[in-house]
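S.K.: If you want the building blocks of each chain, they are given just below.
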Amino acid sequence: MTVDEASPEGQRERERLERAWDTQPGIVGWLSNIHHKAVGKRYIATAFVFFALAGVEALLMRIQLARPGSHLLNPDLYNQIFTMHGTTMMFLFAVPVMEGVAIYVVPLMIGTRNVAFPRLNALSYYMYLFGGVFLYVMFFLSMGPDAGWFAYVPLAGPEYAPGKRVDVWAQMITFTELSALLGAVELVVSIMKMRAPGMSLNRIPLFVWAILVDSLMIIFAMPAIMAASSYLILDRLIATHFFNPAEGGDALLWQHLFWFFGHPEVYIIFVPALGMVSTIVSTFSRRPIFGYTAMVLALVSTGFIGFGLWVHHMFATGLPQLGLSFFSAASMLIAIPTGVQIFCWIATLWLGRPRLELPLLFVMGFVVIFLIGGLTGVMLASAPLDQQVHDTFFVVAHLHYVLIGGALFPLLGALVYWFPKMSGRMLAETPGKWAFWLLFAGFNLTFFPMHQLGLRGMPRRVYTYPAESGWGNLNLLATAGGVVLGVGLLVLLADVAWSVRRGAVAAASPWGGDTLEWATTSPPPEYNFVYPPTVGGLNALWVATDQQPVVAGLRSDRREVLITRTVDAQPDHRAVLPQDSIWPFLTAVAISFTFVGSIFRAWFVPVGAVPVLIGLVGWFWPRGEPLPREEAAPRRQLALEDQP
Amino acid sequence: MSFGLHSAVDPSGPQAARIAQLWWLMFWVSAGVFVAVTAFLFVALFRSAVSRQRTAGRAEAQRRTGAVVGGASIVTALIIVGLLLVDVSTTRALATAPAAAPLRIEVVGHQWWWEVHYPDETPSQAVTTANEIHIPVGRPVALELTSRDVIHSFWVPSLQGKRDLIPGHVNTAWLQADVPGLFHGQCAEFCGAQHAHMAFLIVAEPERSFSAWLADQRRPATAPASADETQGQAVFLSLPCALCHTVRGTSAWGQNGPDLTHLASRRQLAAGTLPNTHGDLAECLMDPHRVKPGVKMPPTPVESGLQALLAYLESLR
Amino acid sequence: MTRPALDVSRLPPIAVDSRGTLWWGMVGLMAIEGTMVALLVATYFYLRLQAVQWPPPGALDGGLLLPTLALLVLLVSVVPMYLADHAVKERDRWGVVLYTTINVTMALVFMGMRAVEMRRLTFRWDSHAYGSIYWSILGLHTSHVIASTVESIVLVALIARGFFHDEQRLGLRTDGLYWYFVVGAWVPLYAILFLFPRWQ
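Chains as they are written, first to last, in the numbering used here: chain A, 1 to 644; chain B, 1 to 317; chain C, 1 to 200.
The shape of chain A in the complex, shown without the other chains (with noise of 0.2 Å):
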């Protein structure tokens, strides 16, 4: 059997694929709206508002810090704005911006129309908005938290951080850590069950396994902080004495839950970057990656070893000997996977034919900013250097170089890469190339001063220093490159902003991928592909010959989608995908309801749930006809010859 899309059939299937996936108009249709890359557009916007928010908390920490003795900004008021900066970047921003990409591409990536649990999806998104929101209506009613983005005991505790201040950081932890977790078991049941027939394991695209691995380092992970912060607020609101010495509790209880969490977290950030880094170091080589297995199992190890790291920030709490050393080895031991990585990316560059266009650009920027990051890293790692520098600008400048350079530069790549997909338009090239190297000189000038700053003795998380402390000079220059990296971000944005309507027309495939992204229309319809694509062979579009075979039979009056084996990714059975729905709008108010209420008063949480239940009875309530009984056909085994 054989289909064409020009054909009168095709266009017919194309009409009816359109009615079965349209969203409704107004806002109530907006509400409703539960396709995967409308919910990813979303998180990557939203997470673009509030880097912008973070990043003007950072420029007036710089500008406080320019010169010793500033009295630009009260303590409180600073305290509070290092607090939001982390606390923004990290959980408001970082993360959510990485799901965001994954969600819009993965499905097109794997070859599927939605992901898994569309409706999961859009709540998750709402979870994230309004625990973001609640964060920063607090702030503004100077009600924000102000005890660090680790918010460490007792200084947190409800003895020496008075009023909601923490609780709110505390309940918007619950948000965000509910949204990436719902996320996360979207993305894994999606990759493993909706791949195109055909993407056997050795043959799904390294930014997938690099979702893959990140989503399960986040169910794995995001629970630790979601106990600390459920601790901290039963110590605040009902007096336990998890963190209370006096009564049988433990401060440091806290610092080993939270980086359980938080050293696994930064590595949640990281490992979709790499992911990034293969795809535009692939598509812009125009080979496939050198060494693919090796990445896999550098990017699954990764995974393992982040687990085993966390001791590492607590090296100055007084641990005995065998501890220390035990998470200094494992802490150096994970620049190796690292490094396989950067190795393979040279050798595909090496043997490829390297086209140095935007994306690419950015991850040579990427490639030695996190070098640098990295090595600081393993001089971290080795706890009696760590000592000295904990604690100080020197693990500012480190952070800022494995984030920014390890997460951002990547980020950036991979949206310029993902742009023409995403708008229909090009990015314009220059004013990218522009901001790129603004970027590069600007946060190179404003952090690498700071390695210094610690080792001559400044520690962080202080408004002001003495101008005997020398440490003036060093921080003007961080200032003016902190003004440098600004610009080159309003650059970029205003690059964004002019071609999103007045770039170029973009074809379906403009640099050439072989990931199957490319294989639908710039932007794609609703329903990705009108007949869904099979795979035979890893690079997929590089391997395809005509005689591909599509996907066809998918039923199109309604959102069908096929369900594959885990392995090999064999079709198995049909799914059916629910309309738009209100209901995740409305289950996410009733939610966040009882979370921003019950850090006043205990009652919200029973109360509260009633109208979370009835958001959850309207969700799943059976809708309309029940569906016509099928045939019971015996289930026939279909497979894919391989390409030769």
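For the record, the hints were derived by calculation from the structure and aren't laboratory data.
Predicted, not measured: the structure shown is a model, and the values here were computed from it.
We put the beta carbon where it would ideally sit given N, CA and C, even for glycine.
A couple of the hints might just be wrong.
[To be verified] Where chain B lies over chain A, by a calculated footprint (3+ residues, C-beta under 8 Å):
hint : stretch
1    : 72-84
2    : 320-326
3    : 338-346
4    : 353-367
Given the coordinates of chain A, work out where chains B and C should sit on it, guided by the hints.
M.R.: Chains B and C only, in chain A's frame:
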């Protein structure tokens, strides 16, 4: 104000020196790795088309590249293992108690000052002071660290790596200065509003002058000599100061704030925030919230007695 | 352009077992909740390491009998859930309703026993750190029991009303899966809260 030495790469004691050695080793190794990897990256990116033509598609080039990648990975692993061995041996060296009999000092962290004790077998010989720690040059000091409120961290970059002061725990650390001098220390764990102004000073002096200092500190407060000082003491004892501060030898036995018995012997005020001068002392008394906004000390409700009070406090050498 | 087609129209439109996405989603939820349980257990042992006396004096006065009986009720409740699952596979609507109702009844009995158990405890969550972790474990587990039971009640109501299509069948099977998790998680938690302190 003399700030004191404060650089981890300019060590003045054996612990910091050991760590500085490790730092330089790691720095040069990292610099080498950075240069090598960046060089390979650049060549990979900018290799001439001719050179690529030679290797395009050839299985041999693929295999060679695989060998280079594998080799680089092994070299990476070896470097890591090497650094790890140096690290472990440094950790062990720093944790090992020095041979010489140490001087014991107990430090208790408060928001936002340092309570310092020099214990003695004879309780009456124990010394209590605040924010300024004298140590003898060349002798190891055993620190016992805890906190009365939140987590703080004791850090003197020129002498040693930091150690946290955690309520409910007692941490130990070693310190030693090999040369006399002033060494700046600062709290290195965010502890609230005035974390930025919680510094301390280590004064390392030869054994003899250290013993003299310690003997001095053991004495109760100097009795007021002049009329001004006597009046000042009366003013002091009539104010709420005694609720928080101790002046040994008087009825002031407050435990919430720094011990003032030998206040005038200290070089700095307010945990390293101000030099100990007449004007700065007056400011600390009259407007502590301008010096350290959020500090727990209220402004001193004295008007006409201020000069006498200052005279008294300046007599507490 | 013309391409060969892989025709999937004959494949079943839903899978009511472990091949389906909802099943996997439930496994994901169990992984998350399981990690939470493990963290609570880790917290318990961490706090115990710090303690001079663990449990604090008087903490065990609540007795062992009632919790043990409650555990037995919970374990036995797995049987009707298993039978309900079997009935789902056989498309036996009234069998499903019967067995799920028995399971829900047993869950309610269990919750009643737990309420009595809680009243009898000699310490509260704010008495000491032991109390804090004890009540937290109890609280987390109880909320899981409640959530699972409510889910079962809603589902059985829908099924009794006539909605017994593939979605409801799959829903009940995943609900059953979650019940196994709730019961399974309680076994080690029971051992840690009730047996371990008496035998340590």
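S.K.: Using a Cβ cutoff of 8 Å, are there at least 3 residues of the stretch 72-84 of chain A near chain B, or does the coverage claim fail?
M.R.: holds (count 4)
S.K.: Counting residues of the stretch 320-326 of chain A that have a beta-carbon nearer than 8 Å to any beta-carbon of chain B, does the count reach 3?
M.R.: The restraint on the stretch 320-326 of chain A holds, since 3 of its residues have a Cβ under 8 Å from chain B and three suffice.
S.K.: Take the stretch 338-346 of chain A, compare each residue's beta carbon with every beta carbon of chain B, and decide whether three or more fall closer than 8 Å.
M.R.: holds (count 6)
S.K.: Residue count check for the stretch 353-367 of chain A against chain B: does it reach three with CB-CB under 8 Å?
M.R.: With 5 residues in contact (Cβ-Cβ under 8 Å with chain B), the coverage given for the stretch 353-367 of chain A holds.
Of the hints listed earlier, there is not a single one the structure fails to meet.
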